[in-house]
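Trainee: Going line by line, the protein sequences match chains F, C, A, Y, X and P.
Just so you know, we're using my numbering here: the first sequence kicks off at 1 and counts up by one.
Just so you know, we're using my numbering here: the second sequence kicks off at 1 and counts up by one.
Just so you know, we're using my numbering here: the third sequence kicks off at 1 and counts up by one.
Just so you know, we're using my numbering here: the fourth sequence kicks off at 1 and counts up by one.
Just so you know, we're using my numbering here: the fifth sequence kicks off at 1 and counts up by one.
Just so you know, we're using my numbering here: the sixth sequence kicks off at 1 and counts up by one.
Simulated from the structure, these hints should not be mistaken for lab results.
Keep in mind the model is a prediction, meaning the values are calculated, not measured.
Just so you know, even glycine gets a beta-carbon here, dropped at the ideal spot from N, CA and C.
Treat the hints with care, as some may be off.
[As the list claims (entries may be wrong)] Quick list of in silico lysine to aspartate or glutamate cross-link-like pairs, EDC-like style, CA-CA up to 16 angstroms: (1) Lys197/X x Asp151/P; (2) Lys197/X x Glu213/P; (3) Lys82/C x Glu77/F.
[As the list claims (entries may be wrong)] Computed beta-carbon distance windows for the label pairs: (4) Gly10/Y x Ala241/P: 38 to 44 angstroms; (5) Met51/X x Glu213/P: 31 to 37 angstroms; (6) Lys80/F x Ala241/A: 41 to 47 angstroms; (7) Ile17/A x Pro48/F: 38 to 44 angstroms; (8) Gln55/X x Val149/F: 42 to 48 angstroms; (9) Ala241/P x Met51/C: 42 to 48 angstroms; (10) Asn147/P x Asp105/A: 53 to 59 angstroms.
What follows is the residue order along each chain.
Protein chains: 6
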Amino acid sequence: MRKENRENNGLRPISIIPDYIIHPEGSVLITVGNTKVICNASIEDRVPPFMRGQQKGWITAEYAMLPRATAQRNIRESSKGKVSGRTMEIQRLIGRALRSVVNLDVIGERTVWVDCDVIQADGGTRTASITGAFVAVVLAFGKLLENKVIDKMPVLDYLAATSVGILADGTPILDLDYEEDSQANVDMNIVMTGSGKYVEIQGTGEEATFTPEELQTMLQLANSGIKEIIEVQKSALGPLAARIGELREENS
Amino acid sequence: MRKENRENNGLRPISIIPDYIIHPEGSVLITVGNTKVICNASIEDRVPPFMRGQQKGWITAEYAMLPRATAQRNIRESSKGKVSGRTMEIQRLIGRALRSVVNLDVIGERTVWVDCDVIQADGGTRTASITGAFVAVVLAFGKLLENKVIDKMPVLDYLAATSVGILADGTPILDLDYEEDSQANVDMNIVMTGSGKYVEIQGTGEEATFTPEELQTMLQLANSGIKEIIEVQKSALGPLAARIGELREENS
Amino acid sequence: MRKENRENNGLRPISIIPDYIIHPEGSVLITVGNTKVICNASIEDRVPPFMRGQQKGWITAEYAMLPRATAQRNIRESSKGKVSGRTMEIQRLIGRALRSVVNLDVIGERTVWVDCDVIQADGGTRTASITGAFVAVVLAFGKLLENKVIDKMPVLDYLAATSVGILADGTPILDLDYEEDSQANVDMNIVMTGSGKYVEIQGTGEEATFTPEELQTMLQLANSGIKEIIEVQKSALGPLAARIGELREENS
Amino acid sequence: MRKENRENNGLRPISIIPDYIIHPEGSVLITVGNTKVICNASIEDRVPPFMRGQQKGWITAEYAMLPRATAQRNIRESSKGKVSGRTMEIQRLIGRALRSVVNLDVIGERTVWVDCDVIQADGGTRTASITGAFVAVVLAFGKLLENKVIDKMPVLDYLAATSVGILADGTPILDLDYEEDSQANVDMNIVMTGSGKYVEIQGTGEEATFTPEELQTMLQLANSGIKEIIEVQKSALGPLAARIGELREENS
Amino acid sequence: MRKENRENNGLRPISIIPDYIIHPEGSVLITVGNTKVICNASIEDRVPPFMRGQQKGWITAEYAMLPRATAQRNIRESSKGKVSGRTMEIQRLIGRALRSVVNLDVIGERTVWVDCDVIQADGGTRTASITGAFVAVVLAFGKLLENKVIDKMPVLDYLAATSVGILADGTPILDLDYEEDSQANVDMNIVMTGSGKYVEIQGTGEEATFTPEELQTMLQLANSGIKEIIEVQKSALGPLAARIGELREENS
Amino acid sequence: MRKENRENNGLRPISIIPDYIIHPEGSVLITVGNTKVICNASIEDRVPPFMRGQQKGWITAEYAMLPRATAQRNIRESSKGKVSGRTMEIQRLIGRALRSVVNLDVIGERTVWVDCDVIQADGGTRTASITGAFVAVVLAFGKLLENKVIDKMPVLDYLAATSVGILADGTPILDLDYEEDSQANVDMNIVMTGSGKYVEIQGTGEEATFTPEELQTMLQLANSGIKEIIEVQKSALGPLAARIGELREENS
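Just chain F, with the same shape it has in the complex (with noise of 0.2 angstroms):
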């Protein structure tokens, strides 16, 4: 069995606490289980050099984690002087996915910092890092929409991750934490929409592999996973929730 009863089909217990630290335009914390990503949305008004003069609008992630996330204590980042290539990885992703649900267009030369940085970590935290980040944009959206800046929310969909995984009796799992992550022969990161889209699949034998059927049994978890993802993020956002996808609908 799973860490308390898990189903195998069942997701940690997940909350978004929106406003969670005061400067940042939109900044939640997000917890799924025992991790805890703290993800802030900043708005620049400018856009990195290679966009400019394109009349549209970049979003940029960065994520770190705490040396002390971890069982271990990890060596901090700006003390090696370099950024590890997990988290160029992990930095990539959640740029890519949220950049796939925004129309850019609409936001003008203006730049999305969105900073997640894992304070506490137990598996999943590149999945938790979108999840909360994708609400931490909607948030910083929100506050250029009520000082006028613009006005419609450049959110074109949900957007939310999670993991799944197969262990090496066999068995596919929901969310993995870290243990079942260190025993997992597969682990699989699916990115989604609200509507049942695919953004990102990425999908791993580490020293394995993986059968088409497995990857068939993966993805159907995920996609039930998501649903009930994007219903904290819902009730996260509040009334800003039946914003999203109102400058699609009107292009439809």
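Since the structure of chain F is already known, use the hints to place chains C, A, Y, X and P on it.
Mentor: Relative to the frame of chain F, chains C, A, Y, X and P by itself:
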């Protein structure tokens, strides 16, 4: 008048939540007004190379801010690939201060890593870090006592810190928030022990100077403030509070 | 129509020249259309620190492009003083993929260093790297067999990779060149074994999303493409081709 | 007794050679006992980005040691690729101290770069740097006066620094050499102006603490020492000495 | 005897394949014995900051080795995060040599980036790089002539390089391979023009010295070798060969 | 005419002050015209990893300039976080030159660290560094002889360096100052031994070329200059001068 009708010799509300993060040996969240710092203390069973073979321990500190701990987003030091002068200065200060009240011979060849991560900043982050880190370190030693790795609390006295300053109009004030700090002519950080001895005095007249009389007034303000702060540390520590100084008493 | 009348499910011409560079234990030049990658495999008689004492080997990969491999000159990563996120992501992918089909226990405490250096790029450099690196690694193990350092080929199965994608008009295509890749809504890299199992699936809808049906179509395209590629690997390997999987058969 | 029969309240022999290096606008070699520092002040006709458009100047300092300035050879910071925390702390201190006695509005949008390079070290290198840098900066402003770039000396008051400390046996001493510094329980650096005001007070009880009474004793020792040092600065400055403070007098 | 019965004054077989990589304006693969270098020349329509506004161009070179170009695998400089002293020295040499035979005024504010990437090394990589880079640069200028960006070939004379040395037994030899280079007492690289003038002479007696007579012998060997090499450059250049020096003749 | 009526074949005034800094085993201040370099030699009782177990020593050199050694302030290499190509080239040159006249077998597994720090520059800093470093190294070996760590002076011959060049008007000159160096068409650094053998010849025609005849003229100028410089080294060395070459004589 100061914000929220604070007296010139008044502290902002302080709270210290013990056992904040699950993985570290000692962990607190300290809140001083709007300043919030996670202080984690980790015990490693070896010392840095320059200390080996001396049969004594070491305490070292790292300090960082989340990018949006501040009103303007700061570039992450891991992205810049180097740690700023300000960060290094604060790290050295925290480490030195903690070492002054710990009997390093008693803890054996172990390193205490103290991580102070500012998640929200509003002035006084270095003094809040020292005050919180002290509690995290005592909690970590409590874990060693519990596991019978050591048999006496190696902490000789309480340790806390605060800031004092002189505003442009000459008013001396205690515990400056960010706005006050920006306007002050003189800024002084004082670290003291429970028995009223100095550990560090750092007084700076940035583009200004201060008289010997002003120095004395600031020292008195700090003195009374630090006494109050130590009471908050005591209640956060619970039963462990009684063990501070047991080694010193024994030796006397 | 695609360039040179290629079908949507057609691969570009592939060639793999074995023993391309004289110094490495295994070396190939792989050409996929206009993409050319030198893949060298070096055997080192020790493993990285985190693997020591485990009586097993390790495979690690590095990937780079010559500055003028591309239409625009890129700044050399050694001049920038750091490796980009994209490079790290690809390096981690190549290493993970190769480790999934090698029995690391059999090679003893040795590291296989795989260097994939793109001398000319036209899309699909990471999948060409995996396909070529697989052959270089088998050649290097062939050298160990020849010198009687090991007595069984430690490679359990073939391994090859290709890309699939969906153009803006919804057409699914196999093996994208650079121009197609720039225009595709969805880009997916698939790494598979000779027996048709997945090793890695990385599907990304950059500023776009894709449906479950589109995913299935892409998986089928990849499947047929990879079978063809493995035939090219076999002829490049010559007599060594027969020894792939000998360890697996024995164990079954 | 202290080396060479020095009294507890006695300074080591000090000399300041003006115009030591030919290229800089201001240059001195300061010798304090066996400590020797080349202090160069360079005038640049622009300010750093964060100061632009404010119609005022800036003073910034860099500090370094030759590798064999010390008894053991130190690794060159350029070889390590980064500047140590200690170096940064000293650089920030020197810059802050100099800015406190200069009217930055008067010098226009110019930067004064102060370089303090320790060629031989025997304790007190940071205080010797401040004392010497002050003279180098006045000499550089002298050059600007001579060339009629400015018409008043922008330096408001003298500025000098020294160290005080308390030995393990409780004896308070002035101007510690390296050996004394290594043995002291408390180490304090004081920067003061010609009119007896404090600019910086940095007192540290490394693995020790000090009482309020000890603090007062050290402040008095520093006070008398700094008066003597300022006399040496005056004679090094020659006719320029008379112009220090002319701006202040005018304003009063 | 030297390998493959080479005479002491004999070169190894040389070939230069023009238009080797498709993207760069000029590209060759030069082979000298077992040494193989890809030399690419790229034209950028601007000059580095220190050259701006001078109405003239610039030529800069970068040099690197693939990790397994050598018998032992080298750590990639991008992984080390810095470029070695040897690499920088070679880059500076290649750039300086090429600039000595090009009229930089004629090419306007353009930079020629020369990339020399050694894919297989067996001694003489820096001289092969210069010889090959010269041809790549002429090819790139040929592209500019073709596109009527310039109307005269800006290359004033041929440029080629080789090495000479003295073996431990005193024998002077031309064009050292790696093994000979390791055994030589003196190693000298000579860069000359088509008209027999020197551009660079770099003679080094590593842990040895050489007499004035030995110097003269080596200079003569180099002279005859370089004449032969220039013939190979001419045939690689085809019709463009005739245009080398047209500007010089015109001016005379 | 040259400055201060110097002849074309005349050196600038040279002085070498021995025992300049108190801590290093060997230390000099060398002055050549307005160029001033502190050369320190430190003995370390171990060799770098690549030399271990060979029962012989090593000599390595570092070179740096103070930021205001030059007319324009240079950015400190420690601030830039990396050492320039020019610096590395000079460091390698100094180390190679010194090793050519020292019997490394005699000094045992020791490293001689040579630090050349230019405090004032006016051309010829690399040749002054070699000339001064030679004396510092002999002084350091003198210390080892005195302490009976070694019993023969391991230095086989004198070593000195100077520059020669050809001005734009074709005049060959000896020992170029900064202004002459900037105007010269050809610049050549020569390192020779006391017995008139070459150690290094580095001749560069930056954006120019030079004829075989010009080369011979420059070699002769250097030859006579170096003889004069060695006389200055002899008088700086005092009684130690007599011991140079004692090992060589013995072996012959």
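Trainee: State the violated hints by number, sorted upward, taking the hints as numbered earlier in the document.
Mentor: 1
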